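K.L.:
Given these sequences and hints, build the entire structure.
There are 2 protein chains.
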Amino acid sequence: MSDEITRPVIAVDAMGGDHGPAVVVPGAMANLTADSPYQLAFYGDAAAIGTELDGIASDLPVTVVPCTQDIDMGEAPASAIRKRPDSPIVKAMTHQKAGNVQAVVSAGSTGAMVAASLIILGRLSGVDRPAIATIIPTSSREVLLLDAGANVQCTPEQLVCFAQMGVVFAREIMGKAEPTVGLINIGSEAKKGSELTVATHALLAQADLCFHGNVEGNEIMRGPSDVLVTDGFTGNTVLKMVEGVGHFLGGVARRPDLDSDQQKAFGTVLGYMQSTFTYEIYGGAMLLGVNGISIIAHGRSSAFAMGNAVRVAWEQVHADLPARTAAALS
Amino acid sequence: MSDEITRPVIAVDAMGGDHGPAVVVPGAMANLTADSPYQLAFYGDAAAIGTELDGIASDLPVTVVPCTQDIDMGEAPASAIRKRPDSPIVKAMTHQKAGNVQAVVSAGSTGAMVAASLIILGRLSGVDRPAIATIIPTSSREVLLLDAGANVQCTPEQLVCFAQMGVVFAREIMGKAEPTVGLINIGSEAKKGSELTVATHALLAQADLCFHGNVEGNEIMRGPSDVLVTDGFTGNTVLKMVEGVGHFLGGVARRPDLDSDQQKAFGTVLGYMQSTFTYEIYGGAMLLGVNGISIIAHGRSSAFAMGNAVRVAWEQVHADLPARTAAALS
Chain Y
1 MSDEITRPVI AVDAMGGDHG PAVVVPGAMA NLTADSPYQL AFYGDAAAIG
51 TELDGIASDL PVTVVPCTQD IDMGEAPASA IRKRPDSPIV KAMTHQKAGN
101 VQAVVSAGST GAMVAASLII LGRLSGVDRP AIATIIPTSS REVLLLDAGA
151 NVQCTPEQLV CFAQMGVVFA REIMGKAEPT VGLINIGSEA KKGSELTVAT
201 HALLAQADLC FHGNVEGNEI MRGPSDVLVT DGFTGNTVLK MVEGVGHFLG
251 GVARRPDLDS DQQKAFGTVL GYMQSTFTYE IYGGAMLLGV NGISIIAHGR
301 SSAFAMGNAV RVAWEQVHAD LPARTAAALS
Chain U
1 MSDEITRPVI AVDAMGGDHG PAVVVPGAMA NLTADSPYQL AFYGDAAAIG
51 TELDGIASDL PVTVVPCTQD IDMGEAPASA IRKRPDSPIV KAMTHQKAGN
101 VQAVVSAGST GAMVAASLII LGRLSGVDRP AIATIIPTSS REVLLLDAGA
151 NVQCTPEQLV CFAQMGVVFA REIMGKAEPT VGLINIGSEA KKGSELTVAT
201 HALLAQADLC FHGNVEGNEI MRGPSDVLVT DGFTGNTVLK MVEGVGHFLG
251 GVARRPDLDS DQQKAFGTVL GYMQSTFTYE IYGGAMLLGV NGISIIAHGR
301 SSAFAMGNAV RVAWEQVHAD LPARTAAALS
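Here the protein sequences line up with chains Y and U, keeping their order. Just so we're aligned, residue 1 is where the first sequence starts under this note's numbering, counting upward by one. Just so we're aligned, residue 1 is where the second sequence starts under this note's numbering, counting upward by one.
If you're looking for bench data, these hints aren't it; they were derived computationally from the structure. From a predicted model like this one, the values you see are computed outputs, not experimental measurements. You may find that some hints are simply not true.
Which copy is meant is left open, because identical chains are indistinguishable; a pair holds if it fits in one copy or across any two.
What the hints assert, rightly or not - Listed next, the in silico SDA-like pairs over lysine to any residue satisfying Cα-Cα at most 20 Å (straight line): (1) LYS191 with SER79; (2) LYS264 with SER275; (3) LYS191 with THR51; (4) LYS97 with ASP320; (5) LYS264 with LEU249; (6) LYS97 with ILE281; (7) LYS191 with MET73; (8) LYS240 with THR138; (9) LYS264 with GLY250; (10) LYS192 with MET73; (11) LYS192 with GLY250; (12) LYS240 with ASP18; (13) LYS264 with THR276; (14) LYS176 with ARG324; (15) LYS240 with THR276; (16) LYS240 with GLY213; (17) LYS191 with GLY74; (18) LYS240 with PRO137; (19) LYS264 with GLN274; (20) LYS97 with ILE119.
P.N.:
As structure tokens, then:
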């Protein structure tokens with residue numbers, strides 16, 4: 001393995017996710033070449049990682065950082081961060097804070113990733129609460145949804161900050177010249193909705209943003225705007241409903257009243273949907289608003305998803321996203 | 001027209017909805033026969049209703065109640081109720097309160113229907129806040145979702161009451177012997193979620209109900225329980241997302257990367273979905289917890305939907321739903 005240290009380092013939690021090193025290690029390396037612009041550092045059980053690296057070309061820019069601890073999915077995140085300094089997430093995040101790592105990718109506990117990012121990296125100046133952002137595929141375009149679950153309760157000011165961070169992401173990473181922002185709400189009029197959405201609507205309308213207005217549930221999957229902001233409870237429910245559409249169609253496809261032509265048509269549609277509308281293409285969610293790069297891959301991530309999570313991390317490193325976000329907020 | 005008055009009367013707002021009397025009147029009468037167990041009373045502009053009734057068999061149990069006022073969709077509901085006593089919704093609800101009408105159906109303003117029901121009919125004993133309930137189709141069963149939008153903010157006790165009212169509806173109207181209850185939440189564990197959902201989970205687990213536990217967004221459209229409770233903001237967003245799946249698939253079907261086989265398959269699937277998963281089958285939403293029967297049809301209701309809204313009203317009259325709900329809550 002190369003021990004070159006001049007390239008940016010993407011730290012990968014080799015132990016995270018349902019499948020562990022056997023899927024994470026080859027998956028994360030899927031797009032890696034000897035002259036990749038970044039190097040990978042696998043954090044976790046050195047023997048288990050070594051088994052996966054065995055026989056892989058020695059000129060690839062990969063290092064291993066042994067860790068002796070791990071965080072269970074069920075542990076309370078904040079206490080786990082304190083008690084497990086030698087776990088992959090905490091160690092990698094500490095190395096990012098010190099400047100030796102430029103991004104951390106994990107398919108482990110979302111709560112631990114959020115807590116470690118907050119406690120170790122800290123927030124960007126101007127950010128009250130970081131948000132989990134995810135790209136959701138819609139029939140017309142990719143939409144950045146935030147908050148997808150970091151903050152169950154939010155203030156109007158926090159939602160405006162989510163919108164500003166989302167716009168930077170949409171511009172720098174998704175290539176949208178002038179990203180539009182929508183607010184998830186239960187009516188189209190400015191005065192409709194909860195106290196939170198009415199107050200947020202008023203602030204967004206005054207902010208220096210391309211505010212598209214309120215977006216109701218039936219419009220979400222049609223892609224009404226580039227960025228969609230909401231509180232973490234609604235956002236998490238919306239995200240999971242979008243993810244559940246495929247399973248819903250799969251269930252309908254097994255209904256006994258379908259004739260053979262309909263069954264065949266459902267098979268074709270499901271095949272298209274599964275290849276086009278999969279979270280695996282997007283690699284994972286990201287925590288926006290912390291002083292670093294934190295990619296939260298799905299616990300069920302396949303090798304394909306892990307490869308994309310590393311790509312997403314690299315895109316953010318390459319774009320210097322935290323600095324650009326901080327600049328936009330200042 | 002028959003003027004028999006011994007049968008229960010279902011009042012229909014002839015002026016409500018996007019299409020007015022030309023669709024509402026024939027639609028509401030679609031299943032009416034001379035010996036129907038109920039009679040219809042159309043409330044609204046007598047001339048406009050008369051035009052629609054012209055030439056219809058004179059032995060059908062239909063009456064007309066002329067109204068000289070109407071409520072605009074944009075009016076603030078509570079003040080509209082006070083200012084427009086001779087509008088179809090207010091007049092019909094007043095007649096229900098007096099016992100001359102047994103149910104009111106309207107495709108007009110949801111806000112006006114909720115306000116008129118609350119102010120004129122009042123709440124059932126034991127009900128703090130009535131809820132809008134709707135049946136949503138899922139891949140495995142029909143699910144009663146409440147609150148679908150009447151109460152943007154709720155307390156845990158109110159959500160428990162929604163669950164109790166939903167169970168009565170599922171048993172008496174949907175024919176479920178022992179209805180199960182789920183709570184929409186952003187995690188499966190009892191302690192996950194917002195303050196509202198954590199406290200509600202604890203109350204539901206102790207209540208005399210078949211509590212299935214938390215239901216996350218990805219499970220909703222698979223039909224995890226017979227009754228699903230949530231606050232009105234989340235419920236309205238969930239309902240509209242379910243309603244939006246067809247439009248989403250329609251948008252995907254027009255993508256340029258689809259080949260002709262895929263286009264054909266999408267056409268077949270969309271045809272099946274549109275005939276099977278349409279709100280029109282369920283006629284409309286209903287307000288549970290008021291001292292009467294209040295059916296809120298979709299503003300876009302077709303004649304088919306209006307016919308089903310009348311059927312739904314009759315089912316609730318026939319089951320004596322308000323009295324059964326009150327008995328269960330006492």
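K.L.:
Give a verdict on every hint.
P.N.:
Structure-based check of each hint:
1. Proximity of LYS191 to SER79 under the C-alpha cut-off of 20 Å is restricted to the inter-copy arrangement: shortest distance 16 Å between copies versus 42 Å within a copy.
2. For the homomeric pair LYS264 and SER275, the shortest alpha-carbon distances inside one copy (17 Å) and between copies (18 Å) are both at most 20 Å.
3. In this assembly of identical chains, LYS191 and THR51 lie within 20 Å of each other by CA distance neither inside one copy nor across copies; the values are 60 Å within and 38 Å between.
4. Within a single copy, LYS97 and ASP320 get their C-alpha atoms as close as 15 Å, which meets the 20 Å cut-off; across copies the closest is 66 Å, which misses it.
5. Taking the shortest Cα distances, LYS264 and LEU249 sit within 20 Å of each other both inside one copy (13 Å) and across copies (17 Å).
6. When the C-alpha separation of LYS97 and ILE281 is checked against a cutoff of 20 Å, the pair qualifies neither within a copy, at 28 Å, nor between copies, at 57 Å.
7. In this homomeric assembly, LYS191 and MET73 come within 20 Å of each other (Cα to Cα) only across copies, at 14 Å, whereas the closest approach inside a single copy is 41 Å.
8. Taking the shortest Cα distances, LYS240 and THR138 sit within 20 Å of each other both inside one copy (14 Å) and across copies (15 Å).
9. In this assembly of identical chains, LYS264 and GLY250 lie within 20 Å of each other by CA distance both inside one copy and across copies; the values are 12 Å within and 18 Å between.
10. In this assembly of identical chains, the alpha carbons of LYS192 and MET73 lie at most 20 Å apart only when taken from different copies (13 Å versus 39 Å within one copy).
11. For the identical chains of this complex, LYS192 and GLY250 are neighbours neither inside a copy (35 Å) nor across copies (28 Å), given an alpha-carbon limit of 20 Å.
12. Taking the shortest alpha-carbon separations for LYS240 and ASP18, only the intra-copy value of 18 Å comes in at or below 20 Å, while the best inter-copy value is 33 Å.
13. Both within a single protomer and between protomers do LYS264 and THR276 lie at most 20 Å apart by alpha-carbon distance, with minima of 19 Å and 18 Å respectively.
14. Within a single copy, LYS176 and ARG324 get their C-alpha atoms as close as 15 Å, which meets the 20 Å cut-off; across copies the closest is 56 Å, which misses it.
15. For the identical chains of this complex, LYS240 and THR276 are intra-copy neighbours only, at 17 Å inside a copy versus 23 Å across copies, given an alpha-carbon limit of 20 Å.
16. For the homomeric pair LYS240 and GLY213, the shortest alpha-carbon distance between copies (17 Å) is at most 20 Å, but the shortest distance inside one copy (23 Å) is not.
17. In the homo-oligomer, the alpha carbons of LYS191 and GLY74 lie at most 20 Å apart only across protomers (12 Å), although the nearest pairing inside one protomer, at 41 Å, exceeds that limit.
18. Taking the shortest alpha-carbon separations for LYS240 and PRO137, both the intra-copy value of 12 Å and the inter-copy value of 18 Å come in at or below 20 Å.
19. Taking CA atoms no more than 20 Å apart as the test, LYS264 paired with GLN274 passes in both settings, with 15 Å inside one copy and 18 Å between copies.
20. In this homomeric assembly, LYS97 and ILE119 come within 20 Å of each other (Cα to Cα) only inside a single copy, at 10 Å, whereas the closest approach across copies is 60 Å.
When each numbered hint is compared with the structure, violations occur for hints 3, 6, 11.
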